[in-house]
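Asker: Chain residues, written in single-letter form:
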Amino acid sequence: MSCKLRFSALIGVLALAGCQQDGTDQTAAPPAAAMSTIQIDGSSTVFPITEAVAEEYQAQPGAARVTVGVSGTGGGFKKFCRGESDISNASRPIQKSEMAACAENGVEYFELPVAFDALTVVIHPDNDFAQAMSVDELKTLWQPAAQGEVMRWNQVNPAWPDEPISLYGAGADSGTFDYFTEAVVGKAKSSRGDFTASEDDNVLVQGISGDVNAIGYFGYAYYAENTDKLRAVAIANGADQEAVYPSPKAVIDGTYQPLSRPMFIYVSKASFARPEVKAFIDFYFDNIAVLAEETKNVPLPAAAYDQVRQHLVDGRVGTVFKGEPATAITIEELLARDAGL
Amino acid sequence: MPKQRSTRDLSLIRRLIRSGKRNETLFIATGLAALALAVLTFLALFIDMLIDGSPRLTAEFFSNYASRKAEKAGILAAWVGTFTVMLVTAAVAVPLGVMSGIYLEEYAPKNRFTDLIEININNLAGVPSIVYGLLALGMFVHTFGMGASVATAGLTLALLILPVVIVATRESIRAIPGSIREAAYALGATRWQTVQHHVLPYSMPGILTGVIIGLSRAIGETAPIVIIGAVTFIAFLPGSPVQSAPPFISFDWLSAPFTAMPIQIFNWTSRPDAAFQANASAAALVLVAMTVVMNGLAIWLRYRLRRNIKW
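Those protein sequence lines, which keep their order, are chains A and B. Under the working numbering, think of the first position of the first sequence as 4, with each following residue one higher. Under the working numbering, think of the first position of the second sequence as 34, with each following residue one higher.
Just so you know, these hints were derived from the structure itself, not from any lab. Where a beta carbon is used, it is the ideal one built from N, C-alpha and C, also for glycine. It is possible that part of the hints are untrue.
Now the in silico label distances, taken between C-beta atoms and shown as ranges [claimed, not checked]:
#1 Gly86(A) x Ala69(B): 52 to 60 Å
#2 Asp289(A) x Leu73(B): 52 to 60 Å
#3 Val316(A) x Met172(B): 36 to 44 Å
#4 Ala135(A) x Phe95(B): 47 to 55 Å
#5 Thr230(A) x Leu73(B): 30 to 38 Å
#6 Lys325(A) x Gly171(B): 27 to 35 Å
Distance condition first, Cα-Cα at most 27 Å in a straight line; then the derived DSS-like pairs of lysine-lysine [claimed, not checked]:
#7 Lys299(A) x Lys102(B)
#8 Lys105(B) x Lys299(A)
#9 Lys81(A) x Lys192(A)
#10 Lys81(A) x Lys232(A)
#11 Lys281(A) x Lys252(A)
#12 Lys192(A) x Lys325(A)
#13 Lys252(A) x Lys102(B)
#14 Lys99(A) x Lys232(A)
#15 Lys81(A) x Lys252(A)
#16 Lys99(A) x Lys299(A)
#17 Lys232(A) x Lys142(A)
#18 Lys232(A) x Lys102(B)
Chain A on its own, in the form it takes in the complex (with noise of 0.2 Å):
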């Protein structure tokens, strides 16, 4: 017996060291020890973008090894901070505490903005009233007073049927909650909490597309993703102007406001200095603008990601929002603070 169980453990350890083979053949790249890794974490919206980069840097021969972890943008910066991670995906401009922290333990690190998202208001497709809405009547469904209160359609506008409202929103830790509290109640993390939340935004499209009553809120890929089963909101920034439905092109000639979001990638200058680091954050420059529209994100124009990678070879390092949230931001704006940095 004891001789056959013994067996058995030799098949088991050949059978770990054959499959190991088989994959260190795959990427027929040198031991672990003589490469150094490159470590980013951060926000889950910038994930897609900044996985897309890596998948493909990695696909060329002699490129250093990626990691990319998702913690959230908090999250992410944290580990930044304490010089555990080289690139921080952030789906907002750093914060005070978070500068504090960095300045701290002396990271500098570039800020770079790499795409826009358009933070999408969507209803059941049957819903054919509240095709239009102001920032004004978003903010009567969304803030904390209207909780328990503003129940039904005709209560945001009296034009609209007398039916319950269902409401479904981005979960309390993440940076959409922010940004979305910020742009339309004004004031970050504020917010109405009878509603449907849920960090997973598959959830809030399950949830949204089998309501009729449904209103919710989420990143613009989710919505490009299911055009057939939800309806985008055109939102008017102001009672007086036009409403703009979300698309890449409102984006990028601002007239979808205050929903358009810069998205950053914070590059620690420490790390920025090791040359396998270098040439990745080339990479992504380079290929960013096909890559951020692959992921149903919005790239910059072309002379921003000039403007930005001008920052690298300038060594300008810190933020341009001095721990300020970026509300309600064009990209010629956002372009405009940069210059000034």
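Position chain B against the provided structure of chain A, taking the given hints into account.
Answerer: Below, chain B alone, put in the same frame as chain A:
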């Protein structure tokens, strides 16, 4: 008169039997319904996964890294990550857990202190897994500087299942009759000889069951390994443990970054592109298959070991 009484007794007994049978039928029906609920739920989920996921179960699915393109994406990094982490977990939790169990059951004196340890171990088995993740983040990742590596994850999950292994070891040791030990002592065996030649082999089937229950729990855990910082996208494998040059064996793979099956599944289910849902189902099928293989191995080992026990 006596005849009348006996018929009355008889009808009383008949009634008693009838009500007993009725209760039995009721119990069987309830039990069957409870079983059906559990089995049908699992079957429904499993068949749904099978329908969605089986077309994706190709050889490339196992040999490709994750990708933003659903049809190109595979689980290579995830299954190798899960496999290596489980290897570390088993290598740490089994010896520690079994030895603790043996000590507590065979050697430790019965006093307040060991009672306290026993209560704590039982409590630890019920601590939420995320707490182990936070402990590991503070201890392994930050204090010991081990990073988000295979070793960190393996140790974290080993801590998580340690109470399960200890409790299972103690239960199965306790089930061995005292007469076996007395017989061994009577023949002049030392305590360790008794444990080595009798207690351990006889309790092995029970210990193995406990180990497998623990590992089956660990393989599906997501929260603790996300907390310690397992990555979501990775397109390389840990270094090979066997090298062509001296010293031939390398432990670099222990310090390598990794991802695991539950993280990959979660990432795919949360994607906007519906094609990734099929990938998630396929990966979930693979995870179920891994658990089934582990359980099957345990049942086979238990069967083989039991055959050798002759009292």
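Asker: Each hint needs a verdict: does it hold in this structure or not?
Answerer: Going down the list of hints, with the structure as the test:
For the pair Gly86(A) and Ala69(B), the beta carbons lie near 56 Å from each other, so the given range of 52 to 60 Å is met. For Asp289(A) and Leu73(B), the hinted distance range of 52 to 60 Å is satisfied, since their beta carbons lie about 54 Å from each other. Distance hint check: the CB atoms of Val316(A) and Met172(B) are about 42 Å apart, consistent with the given range 36 to 44 Å. For Ala135(A) and Phe95(B), the Cβ-Cβ distance of about 49 Å falls inside the hinted range of 47 to 55 Å, so the restraint holds.
Roughly 36 Å separates the CB atoms of Thr230(A) and Leu73(B), a value that falls within the hinted 30 to 38 Å. At about 32 Å, the beta-carbon gap between Lys325(A) and Gly171(B) stays in the expected band of 27 to 35 Å. Between Lys299(A) and Lys102(B) the alpha-carbon distance is near 13 Å, which keeps this suggested pair within the 27 Å criterion. Between Lys105(B) and Lys299(A) the CA atoms are separated by roughly 19 Å; this keeps the pair inside 27 Å, and the hint holds.
For the proposed pair Lys81(A) and Lys192(A), the alpha carbon gap of about 20 Å is at most 27 Å, so the pair holds. Our distance criterion of 27 Å between C-alpha atoms is broken by Lys81(A) and Lys232(A), whose separation comes to about 37 Å. For a cut-off of 27 Å, the pair hint linking Lys281(A) to Lys252(A) is broken: about 31 Å separates their Cα positions. Straight-line distance between C-alpha atoms of Lys192(A) and Lys325(A) comes to about 19 Å, which keeps the hinted pair within the 27 Å bound.
Taking the CA atoms of Lys252(A) and Lys102(B), the gap is near 25 Å; set against the 27 Å cutoff, the hint holds. With a C-alpha separation of about 40 Å, the suggested pair Lys99(A) and Lys232(A) falls outside the 27 Å cut-off, and the hint is violated. The hinted pair formed by Lys81(A) and Lys252(A) fails the criterion: a straight-line CA distance of about 34 Å is larger than 27 Å. With a C-alpha separation of about 30 Å, the suggested pair Lys99(A) and Lys299(A) falls outside the 27 Å cut-off, and the hint is violated.
A hinted pair counts as satisfied when its Cα atoms are at most 27 Å apart, and Lys232(A) with Lys142(A) qualifies at roughly 25 Å. A C-alpha spacing of about 22 Å is found between Lys232(A) and Lys102(B), which places the hinted pair at or below 27 Å, so the restraint holds.
Of the numbered hints listed earlier, those contradicted by the structure are 10, 11, 14, 15 and 16.
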